[in-house]
Amino acid sequence: MPRPSHPSRFPSSPSPSPSQPSGKGEVSDLKLQLRQLAGSRAPGTDDSKRDLFKKVISYMTVGIDVSSLFSEMVMCSATADIVLKKMCYLYVGNYAKVNPDLALLTINFLQKDCKDDDPMIRGLALRSLCSLRVANLVEYLVGPLGLGLKDANGYVRMVAVIGVLKLYHISASTCVDADFPTMLKHLMLNDPDSQVVANCLTALQEIWSAEATNSEEASKEREALLSKPVIYYLLNRLKEFNEWAQCTMLDMVAKYVPSDSNEIFDIMNLLEDRLQHANGAVVLGTVKVFLQLTLSMTDVHQQVYERIKAPLLTLTSSGSPEQSYAVLSHLHLLVMRAPILFASDYKHFYCQYNEPSYVKKLKLEMLTAVANASNTYEIVTELCEYAANVDIPIARESIRAVGKIALQQYDVNAIVDRLLQFLEMEKDYVTAEALVLVKDLLRKYPQWSHDCIAVVGNISSKNVQEPKAKAALIWMLGEYAQDMTDAPYVLESLVENWDEEHSSEVRLHLLTAVMKCFFRRAPEMQKTLGAALAAGLSDFHQDVHDRALFYYRLLKYDVATAERVVNPPKQAVSVFADTQSNEVKDRIFDEFNSLSVVYQKPSYMFIDKEHRGVFEFSEELGNLSIGVESADNIVAAQIVGATDNDLLLSTEEKEESTVSSSNGSAYSAPLYGGSSLASSLSQSELAVSSSITPANPSPTGLSLDDLLGLVSSPAPAPSSSPPSLKLNPKAAMDPATFQQKWRQLPISLSQEFFVNPQGLVALMTPQILLRHMQGQSIHCAASGGQAPNFKFFFFAQKAEEPSMYLVECVINSSSSKAQVKIKADDKSTAEAFLAMFQSALSTFGMP
Amino acid sequence: MPVAASAIYFLNLRGDVLINRLYRDDVGGNMVDAFRMHIMQTKELGTCPVRQIGGCSFFYMRISNVYIVIVVSSNANVACAFKFVVEAVALFKSYFGGAFDEDAIRNNFVLIYELLDEIMDFGYPQNLSPEILKLYITQEGVRSPFSSKPADKPVPNATLQVTGAVGWRREGLVYKKNEVFLDIVESVNLLMSSKGNVLRCDVTGKILMKCFLSGMPDLKLGLNDKIGLEKESQLKSRPAKSGKTIELDDVTFHQCVNLTRFNSEKTVSFVPPDGEFELMKYRITEGVNLPFRVLPTIKELGRTRMEVNVKVKSVFGAKMFALGVVIKIPVPKQTAKTSFQVSTGRAKYNASIDCLVWKIRKFPGQTEPTMSAEVELISTMAEKKSWTRPPIQMEFQVPMFTASGLRVRFLKVWEKSGYNTVEWVRYITKAGSYEIRC
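Protein chains in written order, with the working numbering: chain X, 55 to 901; chain B, 13 to 450.
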């Protein structure tokens, strides 16, 4: 839990400590001293200046505002002392942006320094000049930059090249109009200095990527960077470059598409020695090239895996834990893609006692993935060692890993023994995790029930506290009631302590288990069943209450039917859902050697739009599913509910929807569809058994009103919203126009708000949302994403006016938040539109 | 794009800013606060070195008592960013001459700002080589060396050297005595099960070199690795000599080594930088000679007593000896009293790490000293079996021994002036993570 911050501890709100002066007194003191020194030519002036400058810089670092010294600092900058100059440049670079007027003062001396005899000073001055970041001073940059690019000294050229990039970020048009990109291109292909070439490359990549969306020409230039002559030219010079520049180039080469396999082998032969480079980033960059080049050649691709294994394993075991984490994340990705190829390397994934937990966690996942018939025994033995780890999250993780291996592998016999040993370890968390696993195991391999039940029967329910584990234990008690002599009595004592059980999930399971047990051992259970139903009916939790009532009525209706519903013969679960789609995995793979791999999600899910070049954005839009037509058909076929007259749903159906909402993505079938008793009944058992491991157990205190979203509905009902704005219900816009418009307009409004629970449930089929919004005259341009992140682009048009509203809406179903960004032709009505949009969204999913 | 760092911060453990350098405008100025609020002040600290807050990603590393934080807003290359931090710290160390900590930063912050300006521009790494930077970043305040020379001479293109092909060596070095020192340092990692099976064992080695050589020498290093020897006998069409050869799993080299020649001829040839550097790193998993065998027997006698017997066998040559041997045997937290009997060295109980610590300063080869201890525990009412034994850990150094069996066969120095050189070679094996479960 985050502790409250203590602002006084931090220098940003200065505290009176000896080393950190707080008051303005010191600053004005400095001002005075600087002024005295400014004109002085006495010997030793530079030394005293240095001391003063140091003080200024140290104040600046700790966050004290020393911008008032600007003019004095500039006055003192006339010096031959290079260290003084550097300090002054640093100061100026920091404060020019907030003092654009005073920044003008510095232009003069910086421009003069740009013509100094010393290339060092020329370079430094040019760098500082470009770092001022003041838009109205760009005219002063063009001249010195032009000279800098032609300077005889490589150092100055190297600085000038990055200077061009800085200029581009301040004023793109000035940079392009001065024809700087063309000059950079020339330098890139001809300069003898490798760092100049490398900087040209980075600068051009950034500039042309950003320009590509506006001009055809720039996008051609961007393509040209990846053309054969350029790539070959760079590859041939690669070894002259320093390690960082090599990283940039390798990243580019990975995007190059060779024309035939000979070319591919040539490139790989040329780059093979890079796998021996001491810099891990170079090695990873090379690995990326190899993997990308051979994607379409299955055999070679596999050989590449074999080839890169050794260098990657070396990297993981050398350097700091942070470095090996970065490499391990990539190895993790490869292992997940081709576990078989790493099956014999499993010992490399054994954890060392002192490794940080983020490293251990990745290793555990890899151990799980590479387990196969030949190594399962060793891996499971090793994992069992970790179960006793002091690091409890890791211990839990390892037990889960054992379970996962059991569910995917062959040597189940040995694993079951291990799991049962866990149960006997008598550590709370070990028992808890093991119980959940045994339960899952039994769902897949019912044939092991005999061995497991014998051990599970010995566990005292009093020693199990965690809701998940308790629920698992209770599930087994119900499911295998006939094999456990004690079952009725254990359940009885649990029912007696009904009021002390805080988890509604456990109480729900208890109800079902009591029912199941009753069908098998009626005489022993009758009394307990009565007590359980009575307790359930008076339970304050809506789900528990409803289930009890449902069982009660079902039993009253017909006991045989009740048994068919509650305890039908079950089929073993054979396949477990994969959490990540192949498409997402492939996108992560394409972004090899970047943050995506560490976060295990593609970049569009975590990079903020506003910080990115426009180009990537448009690319993404193209990948989203365009149009709502096809969605409409599905929606029409499946969805009955969500109309106004469904306000009075029967309680059973309500329970359905909430239980399934806690199940995460377990369902794809329509939930509102079944209004007949039979279908809701058959789903009931499903919902019960699959809610044993819910993603988000519904909060205990939620009352019926909350569930219906009537009380806490955050937005006003549509009728009460200001009807000042009318939208054209038949607005139309094709995705390309949308894309263009989205780029042109600035963001008028952005807001975050909560989505009601009903909306989130209905969001499992996002098409419903599109249809719902269309009903409110808000149309969808594109949609996409995966739970928990959904993303929509909407547009709407003002009635009888051409004015458009564009919306980007990101809904996170796990935090139930919607983030909305609105761009509008007519900004004055954006507010009204937001209100409308919000109210439209808030009624989504509400009956 | 490789890094494109938006900002870099140095913080002390309290969260005070020591250095703050903003490179790009695409992140807000309150990034330090975000880092303090969401990482430093929460349990998150140390759980993962890469974190996302808002639209920005934070890479952080703790080095002695300083946090170095890089903030990026793009999909950056993580490996590159961490390597950059590591290299930057190495650079600072070479400037301060030793330690890198809060005090060193406070004392040298102007220098650090100067260096940060040079090693990264607009978020892209530039040149980080200490050899080159030291040519023109000094705290002397004089003008840079290439301009202080008389103007009639053409300005030597020092920056071509800064960025150019042989970026790691200056020309015109002269030494009276030409010497080369080679240090082969291996650390051996072991994970042994309680039944005495080796679960995992490997050696990571590095060859450190110290060169005091004049001019531009060409060096060639020969090792007893299998592939290299086979290649050599092929080239000379002569049968390979018998004798111990070893198989290197993987090798990485300093940038000065000609990798193309290594791949074609399997020889390590290079023009070395001046002074100290790491020539190569290697990893070996097959045929590792473990220097020590540890045979523990731990008996729990009831709830309040334990008997610990540990025998350590040294399995290297009898003429060699290990230094600084430390064996740490974990005991439960509630340990109250201990008594020891050791055949050599000294043993005591260290309550702060819950271990029995047995130290032997000089440990000859082919011996097997023993330690036996009785441990009394405070009886507690807490759950039984609450203690799961962490592994026994061991530290040691064995000079003149390599766990991999690696040997330097020759080191040839060739320079056009044809001077004689003196070569010194040392071997040492250290414990990496040497763990024995019990």
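Hints should not be assumed to be uniformly reliable.
Some chain B residues close to chain X (C-beta under 8 angstroms, calculated; not the full set) [unchecked claim]: (1) 86; (2) 203; (3) 258; (4) 407; (5) 411.
These are computed hints drawn from the structure, not numbers from a lab.
Since the structure is predicted, the reported quantities are computational estimates derived from the model, not experimental observations.
Beta carbons: idealized from backbone N, C-alpha and C, even for Gly.
Under the criterion of a CB-CB separation shorter than 8 angstroms, is residue 86 of chain B in contact with chain X as hinted? holds (7 angstroms)
Should the interface hint for residue 411 of chain B be scored as holding, given a Cβ-Cβ cut-off of 8 angstroms against chain X? violated (23 angstroms)
With a cut-off of 8 angstroms on the beta carbons, see whether residue 258 of chain B makes it to chain X. Not OK, violated: residue 258 of chain B not within 8 angstroms of chain X, min 15 angstroms.
Verify the interface restraint on residue 407 of chain B: the C-beta must sit less than 8 angstroms from at least one C-beta of chain X. Violated - the Cβ of residue 407 of chain B stays beyond 8 angstroms from chain X, reaching only about 13 angstroms at its closest.
Hint validity - residue 203 of chain B Cβ closer than 8 angstroms to any chain X Cβ: Hint on residue 203 of chain B: holds, closest Cβ of chain X at ~6 angstroms, below 8 angstroms.
The structure does not agree with the numbered hints 3, 4 and 5 stated previously, though it agrees with the rest.
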